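Student: Spelled out from the first residue to the last, the chains are:
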Amino acid sequence: MTSAEQISFPHRHLLGIEGLKSDEITLLLDRAEGYVDQNRQADKKRSLLRGRTIINLFFENSTRTRTSFELAGKRLGGDVINMSVAASSIKKGETLIDTAMTLTAMHPDVLIVRHPESGAVRLLAEKVDCAVINAGDGSHEHPTQAILDALTIRRRKGKLAGLEVAICGDVLHSRVARSNIALLNTMGARVRVVAPRTLLPAEIGRLGVEVFHNMADGLKGADIVMMLRLQTERMHGSFVPSIREYFHFFGLDYAKLAAAKPDAMVMHPGPMNRGIEIDTVLADDIDRSMIRQQVEMGVAVRMACLDVLTRDLGNGPPIQ
Amino acid sequence: MSSTLFRNARLIDPETGRDEKGDLLVENGKIASVGTSLPQPSGEVEIVDCAGACLAPGLVDMRVQLREPGAEHMESIESGATAAAAGGITTLVMLPNTEPVIDDVALVEFIARRSRDVRRTIVRTYAAATKGLGGRELTEMGLLSAAGALAFTDGVKAISDALVMRRALSYARTFDLLLIQHPEEPSLSSSGGMNEGEIATRLGLPGINPVAETIMVERDLRLVEVTGGRYHAAHVTTRGSIEAIRKAKAQGLPVTCDTAPPYFGLNETAVGDYRTFAKLSPPLRSEMDRRAVIEGLQDGTIDAIASDHSPHDQDSKRLPFASAASGIVGLETLLPLSLELFHNGQMTLPKLLKALSRNPARILRLPGGQLQAGTPADLVLFDPDKPWRIKVETFKSKTKNSPFDGRPVQGFVLRTLVSGLTVYRHDG
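Protein sequences appear in the order of chains E and P.
If you use the working numbering, the first sequence corresponds to residues 1 to 320, in order.
If you use the working numbering, the second sequence corresponds to residues 321 to 748, in order.
Source of the hints: derived by calculation from the structure; they are not laboratory data.
Treat the numbers as computed from the prediction; the structure is a model and nothing was measured.
Be aware that a few hints might be false.
To be verified - Each computed SDA-like pair below joins lysine to any residue, with the alpha-carbon atoms no more than 20 Å apart:
(1) P:Lys451 to E:Phe247
(2) P:Lys451 to E:Arg234
(3) P:Lys451 to E:Ser238
(4) P:Lys451 to E:Ile243
(5) P:Lys451 to E:His248
As the list claims (entries may be wrong) - Computed far set for chain P versus chain E, every beta-carbon distance over 10 Å:
(6) Val365
(7) Ala432
(8) Leu458
(9) Arg595
(10) Lys716
Positions of the beta carbon are idealized from the N, C-alpha and C atoms, including for glycine.
Isolated chain E (complex conformation) (with noise of 0.2 Å):
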């Protein structure tokens, strides 16, 4: 953070990455780059968010996403609630708004939402009057892992652009996969998805990507391959006939990674199953998975956020 950065983020809420420019993305990337340094610092802890309040609401299960959160807002030195709101206990729609409401009344400056509905979060963004970002809405967007992947990434290759991505596996139901080719396109990287035809949603080859439905062709020349997490109610029938099947066409281990460059980074989003979507050995391979550093990228990705955010709120000093 220099003091002569000039910061040009000009959105209230980070919603989704559809919307974003490449230089609002790449302002993020930078700003995180700086974040990345003092995360590894003893002292972790900077005081821009000092006295501002930012609550983690959750109506779904995460603990990862949520902690990561938690940590990049305290070790900006604001102040971190966390609220889960079991599915199971609201009703949808107007109780959403409710919970707004009564939030609102509570002045925090930044709210985290992550609902298990597709456009819950921009109703909710719509509902309150502080800054709000999107951890992931249904089957929509999860734009802060789209952004630390593309960290990720940039790091290890040192540019986005012109960079070959298969993303593979449960399309059909990824945040995770929409926000990654809405932000990779954006960047001047080629998306492939690749999966079997029940994971795939209708005209997913209209959001600019080329479709495939083998490893072996989907594979071909990547530079990145990104897994996606199957879910475990989806792998005994309805959607993938079973476990094995799945992982013998679908699974990524050493022979289908061969398709790829021979310098292919693995990505996963996490959690991982393992021998399903990717075999165990690869995932922790260091030579070719990046997955761990995906979630060091994930903290300082979300300061990035933040920090832009809780500025362009103007209730801050304005960076000079």
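With chain E held as given, fit chain P onto it using these hints.
Tutor: Chain P alone, transformed into the frame defined by chain E:
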């Protein structure tokens, strides 16, 4: 392996439409050459004087129920393959409705091993489209196909849930696999045993309206449109479903279908006085539908004729009509009953044989159905004209449930070869 030279045959190649006198030489299990006055090769060679009989590619029967594993007393792989060989069939494909259901790689491999042991008609198998034929969870189509399953079907049960059907078509297309449907809407057919109409009413039997089939075919065709999956409707029997498939083909959808001899050889009147041997699923239809089946075969809307062989023992058939099992045996009557269409002047011999060999082979991506040098010598030698009377007691099938007992037919299998080896020869 020795050679066989067929002389003086009427060679019929359904692939090219060839129908002319000539010779055919079999060497090393393959057709070595086809032509007129072929020179006799050196070495040991069997000369067969065909005396003008037809020599054609062996029949490929794409819809057969055997009862092994599970109910071998009704039909084992050995008895079924023996009966099929006697019927001029060189490859048959089993439905997966055995006990246990063929929904696992090990069972596909079991069928292949039994077929090799039996060494008669080649027995291939479909695998279940849903686990246990339960209609809910997809089977491991990719692995099952790699193990040798030719296509996916729930056998005599329709895949009735539209979402399951959509996903099955979609998943199968991932691996470019074929889905075969028993096209009958179960909610409209489950209470009935024969075609809905005057005869059912007079007999006091609950009927199945033909729309039960038409509705399912039309629904499936819309799902094919959405998914692009390859789809085959088994034993179509109604004017409506045939018309729907005709339109779908004109539209370019990846759709095929077959029918079976009872659906063009009989109509609902065969049920007569509660004859359970005329109880089939789908049921024998009206005369109008029977004619529509023949028209469908003539204009190519119906691609294939299959035996729809369904062995049932007396315990399953000697019951009140509504309680009796559905289905008839057909392996040994497939050719003579189909030849009625030729003798009635409704189809030429090459075209008829195409529906019995080349078309099912093409649908299942098998090599059969051609008289081309280099293809496997799977052949049938038959006299197309010889009159005889069907006698169920002579069937090699373990069960005799056929409504065609005593029917005078023309067309007689003299010899059947699989990979150049004689697997059936008529004595005398």
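Student: Examine each Cβ of chain E, and state whether all of them lie more than 10 Å from the Cβ of alanine 432 (chain P).
Tutor: 19 Å, holds
Student: Examine each Cβ of chain E, and state whether all of them lie more than 10 Å from the Cβ of lysine 716 (chain P).
Tutor: Per Cβ check, lysine 716 (chain P) is outside 10 Å of chain E; nearest 37 Å; holds.
Student: Are lysine 451 (chain P) and arginine 234 (chain E) close enough, with their CA atoms no more than 20 Å apart?
Tutor: The hint holds at about 15 Å.
Student: Can we confirm that no CB of chain E comes within 10 Å of the CB of valine 365 (chain P)?
Tutor: The claim holds: valine 365 (chain P) sits with its nearest Cβ about 47 Å from chain E, beyond 10 Å.
Student: Beyond 10 Å from chain E, beta-carbon-wise, is leucine 458 (chain P)?
Tutor: 4 Å, violated
Student: Would arginine 595 (chain P) pass as off the interface with chain E, using Cβ distances and a cut of 10 Å?
Tutor: 41 Å, holds
Student: Going straight from one Cα to the other, do lysine 451 (chain P) and phenylalanine 247 (chain E) come out at no more than 20 Å?
Tutor: 19 Å, holds
Student: Between the alpha carbons of lysine 451 (chain P) and serine 238 (chain E), is the straight-line distance 20 Å or under?
Tutor: Distance of about 11 Å is within 20 Å: holds.
Student: Mind checking the alpha carbons of lysine 451 (chain P) and isoleucine 243 (chain E) for me, to see if they're no more than 20 Å apart?
Tutor: Holds. Lysine 451 (chain P) to isoleucine 243 (chain E) sits at ~14 Å (cutoff 20 Å).
Student: CA of lysine 451 (chain P) to CA of histidine 248 (chain E), is that 20 Å or under?
Tutor: Since the Cα atoms of lysine 451 (chain P) and histidine 248 (chain E) sit roughly 18 Å apart, the hinted pair holds (cutoff 20 Å).
Hint 8 from the earlier list is the only one contradicted by this structure; the remaining hints agree with it.
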